[in-house]
Each structure stands twice: as C-alpha cells, then as structure tokens.
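> Below are the chains, spelled out letter by letter.
Protein chains: 2
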Amino acid sequence: MLAAAKSRLYKTRVSKPRIDKPGADKTAANKRDMKERILQTADRLFYLKGIRAIGVDTIAAEIGISKRTLYNHFPSKDELIAAYLKRRFVVASPTERPATDQILGYFDALERRFSAKDFRGCPFVNAVAELGPEDRSVKKIAAAFKEARRLWFRDLLALLDVEDKEALATQLVVLVDGAIAQDLVRDDPAMARAAKAAATVLLRNAGADVE
Amino acid sequence: MLAAAKSRLYKTRVSKPRIDKPGADKTAANKRDMKERILQTADRLFYLKGIRAIGVDTIAAEIGISKRTLYNHFPSKDELIAAYLKRRFVVASPTERPATDQILGYFDALERRFSAKDFRGCPFVNAVAELGPEDRSVKKIAAAFKEARRLWFRDLLALLDVEDKEALATQLVVLVDGAIAQDLVRDDPAMARAAKAAATVLLRNAGADVE
DNA sequence: GACAAAGTAAACAGGTCTGTGTAATATGCT
DNA sequence: AGCATATTACACAGACCTGTTTACTTTGTC
Numbered sequence: 001m002l003a004a005a006k007s008r009l010y011k012t013r014v015s016k017p018r019i020d021k022p023g024a025d026k027t028a029a030n031k032r033d034m035k036e037r038i039l040q041t042a043d044r045l046f047y048l049k050g051i052r053a054i055g056v057d058t059i060a061a062e063i064g065i066s067k068r069t070l071y072n073h074f075p076s077k078d079e080l081i082a083a084y085l086k087r088r089f090v091v092a093s094p095t096e097r098p099a100t101d102q103i104l105g106y107f108d109a110l111e112r113r114f115s116a117k118d119f120r121g122c123p124f125v126n127a128v129a130e131l132g133p134e135d136r137s138v139k140k141i142a143a144a145f146k147e148a149r150r151l152w153f154r155d156l157l158a159l160l161d162v163e164d165k166e167a168l169a170t171q172l173v174v175l176v177d178g179a180i181a182q183d184l185v186r187d188d189p190a191m192a193r194a195a196k197a198a199a200t201v202l203l204r205n206a207g208a209d210v211e
Numbered sequence: 001m002l003a004a005a006k007s008r009l010y011k012t013r014v015s016k017p018r019i020d021k022p023g024a025d026k027t028a029a030n031k032r033d034m035k036e037r038i039l040q041t042a043d044r045l046f047y048l049k050g051i052r053a054i055g056v057d058t059i060a061a062e063i064g065i066s067k068r069t070l071y072n073h074f075p076s077k078d079e080l081i082a083a084y085l086k087r088r089f090v091v092a093s094p095t096e097r098p099a100t101d102q103i104l105g106y107f108d109a110l111e112r113r114f115s116a117k118d119f120r121g122c123p124f125v126n127a128v129a130e131l132g133p134e135d136r137s138v139k140k141i142a143a144a145f146k147e148a149r150r151l152w153f154r155d156l157l158a159l160l161d162v163e164d165k166e167a168l169a170t171q172l173v174v175l176v177d178g179a180i181a182q183d184l185v186r187d188d189p190a191m192a193r194a195a196k197a198a199a200t201v202l203l204r205n206a207g208a209d210v211e
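Protein chains in written order, with the working numbering: chain S, 1 to 211; chain D, 1 to 211.
Certain hints may be false.
Said to hold, decoys possible - Think about it this way: if two alpha-carbon atoms lie no more than 27 angstroms apart in a straight line, the pair counts; the simulated BS3-like pairs of lysine-lysine are:
#	chain 1	residue 1	chain 2	residue 2
1	S	K67	S	K86
2	D	K35	D	K86
3	S	K77	S	K67
4	D	K140	S	K117
5	S	K140	D	K117
6	S	K86	D	K49
7	S	K140	S	K165
8	D	K49	S	K49
In case anyone wonders, no lab produced these hints; they're calculated from the structure.
With the hints as extra help, turn the sequences into a complete structure.
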C-alpha cells in the first residue's frame, strides 16, 4: 500500500501490464542481446534514413525501449555512430574460387545489392559526407575500410600474374566506389555492370586470363 | 523627438553607425548582387560544412545581413538549397582541343581540384547522402548533373572512332565519381591519376589513338 | 522634402535534438 | 525472501533550427 500511495504522485503509473516488453530479460546473455539489438536498429535507420536524420529517441522507440536504456549501453550518440560503422566494417574473406571469378563476381554482387530495395550507397562515404571531414574518428574508420577493400583486391591480384597489382587494385576500388555513387544518385544497377566491363578490360590489359 | 521617445521602448536602438553595412545599396543592380552574395556564401558553407550543419542564421551572420533579408530573397531554406545545387550545375563546354586531350585532361583537372584545400567531394552526391533519397527534388538535380557529364564525355567520344561510345562514357563517369569518393574519404589526390590510367586503358581498348 | 522599397535588430513561436535526473518497477540470483 | 541490477516513464535542461512578427531605419528616386 505504501508503494501505491507513493506512486499516486506520479501521473498514471500504478501497475502496467509490461508483459512481453523487449527489455524484460536481464541475464548477461540478453544484456549483450540488447546492445546488439540497439545496434541492429541503429544500423537500419542510420543507413536508410541518414545519421543526422535519426535521433536516439527514434531508435529507442523503434525497439520499444526507453531512451535511458539506450544511453546505458552507449554513452553518447557519437559512440553509437562509431559502433554502427565498426559493425559495418566487414571485408569478404577469400574463397577457393579462382581469383578472377572472385574479382569479377564482386561486381555481380554489387549489382544485386544495387537492385535491393534497401540499398542506399556506401555507409562510410555517406557518413563522411553527412558528418563532414572534420569528424576525424568517422573519417578514420571510413578510410580504413576503403584500404581494407583495396587490399582484398590486391591479394587476389597477387594470385594472378598481373603487372603492378597495387595500381590495378586501386583502379578496381575506384570502379567500385564510382558504381556505388552513380547508383546512389541515379538508381541504376547497370552501373555495376559498366564497372565490371571496365574491370574486365583492365584485368585483361594487365595480363590476366579472363573469360 | 517623437521618434526618439518611441524608440526608447526598444532596448538599445537609438542611432547605430550603420556606415558600411553590406546591404546599404538598394539599387536594382545591387539587389541582384545581394541574392548572388547570399548564394555565394551559402555555397561555400553548404559545400564545406554540409547543408544540414549550416543554419540560415549562420549564412546571414557571415554576410552581415539580417535573417529577414535572407528570407526576403529566398522563401525557405529548401529553396536556397535548390538554388545552391542549380548554381553548381556547370558542365564544361567542349573546346578546340583534341577529344582525347579533353577527356584525359578532365582527370588532370580533377587531381588539381583534389589537391585544393577546399575540396570536399561532389556536392550532388553529398546532398543526396545528407538529405536522403526521399528528397526528390535534390535527387533529380543530382541525377541530371550526372547525366549531363556523361553526355559531355559521350559527345567527345563521338568525335573519336571508338566502339560503343555510350558504354564507354558511362565507364568514364564511373571512374570520375569513384576517384571523387575515394579522395573524399582518403584525401589522396593520386586517386585521380589512378582513374586517368584506367581511362587511358579503356580508351585505347576501344580503338582510340592515345599517347 | 516626401515616399516607397529594402534592410535592420530583436524577440518570439514552435519544433527538434542530445543528454540527464528521478522515482518506481521488474527480474535474476543467491 | 532479499538484494543488486536493469529498465521504465516522464520531465526537464539547454541548445539549435526554421520561419515570422514588429517597430524602426536607411537609401535612392521623384
């Protein structure tokens, strides 16, 4: 009764259902889940709508948690943004397939991504464009990602017998980012095919066996 | 005296120096100047700091005019953004130089722009990234610009004897935007050179006389 | 000198955003 | 059963943003 009497001071807070609220489970495992769930939602909204366009309120509301909980997992929006970008930092690992297949297949995968409804350009380029180059930490992550992808191409090129694999790898990432930028603005997945055609010419010109 | 008595109602507004305020000249010619001056300042700030990062207050304060004056020239910030992008919509006109020189020279010019202190990527791509693809008008202007540049390349290629100039023109703009995106993130003007080298290979492969 | 046009400062309305404070409540673990 | 911890709802501070209003001033022109 004491609790009830006290709670009358606070608007309409007597005893809410609170049945299947998302944050109900408080085990250590689910605490990690919560962080991951916040990241997943932030990823989707930041990427689709823009980092500046999405407030922390929106993210919390989308998950169904309070803003306070979000701030218990991430000390600031900046930290959440950094975590979002770090989580996007995934570079494909080389497979058993022939190197040329993997390189040219990358452009096929790109075209498939362009065709997806929820594609909205490169999250790293977008973040730098949105937050400005003054944001050192964001730019650093973005630059690291771009270099990692360049190295992925370079290591595949090393398996081939091409001249100047460093330069060629740089040209390939230029083609990739160019296709992405063009598709972002023009909504034309064929840009990936154009980039692939160019990549094919460059590979053949460098002495690789293509086709 | 009456005016003085009245004005006492308003804080500290008795008679300010107002000597060489920018908006002092009110001829029709200078009215155009004012609009242009607003656009110039908006351009610089929007491009360097980002459209969302700059408020209309900041622009007005930078010029030394009142916010009201700015709103007398542009009915809303959206209109100012649109005018900013339209003003950026400048495509080089073809010159007397040989077509290959013009095409490859474009990448040299790109490298020079990358090296400039105030380069910050493609204003159209940045605007789409910042404002989101839902902003139809911005995306439309951006797409039109990209297409205009592609046509510029295509018309130059038409002067050469190359096969499939449409496809090659697309590949060239992919290289241009790729170099821009890479430089934006990595601050490396050499990206323009990498794109130029790739363009050279593509041109030669298509049957153009290069070098 | 009078007047219209354009500009000015400053406050304001109404909105959004990040981040914090607080009291109450729910849950897992011992 | 009791305790630590996580979570909740909600209010709020403080900042900034777009756009408007108001009373007044400056300027060129007639």
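> If a hint holds in the structure, say so; if it does not, say that too.
Here is what the structure says about each hint:
| no. | hint | result |
| --- | --- | --- |
| 1 | S:K67 to S:K86 | holds, 22 angstroms |
| 2 | D:K35 to D:K86 | holds, 14 angstroms |
| 3 | S:K77 to S:K67 | holds, 11 angstroms |
| 4 | D:K140 to S:K117 | holds, 19 angstroms |
| 5 | S:K140 to D:K117 | holds, 18 angstroms |
| 6 | S:K86 to D:K49 | holds, 24 angstroms |
| 7 | S:K140 to S:K165 | holds, 24 angstroms |
| 8 | D:K49 to S:K49 | holds, 20 angstroms |
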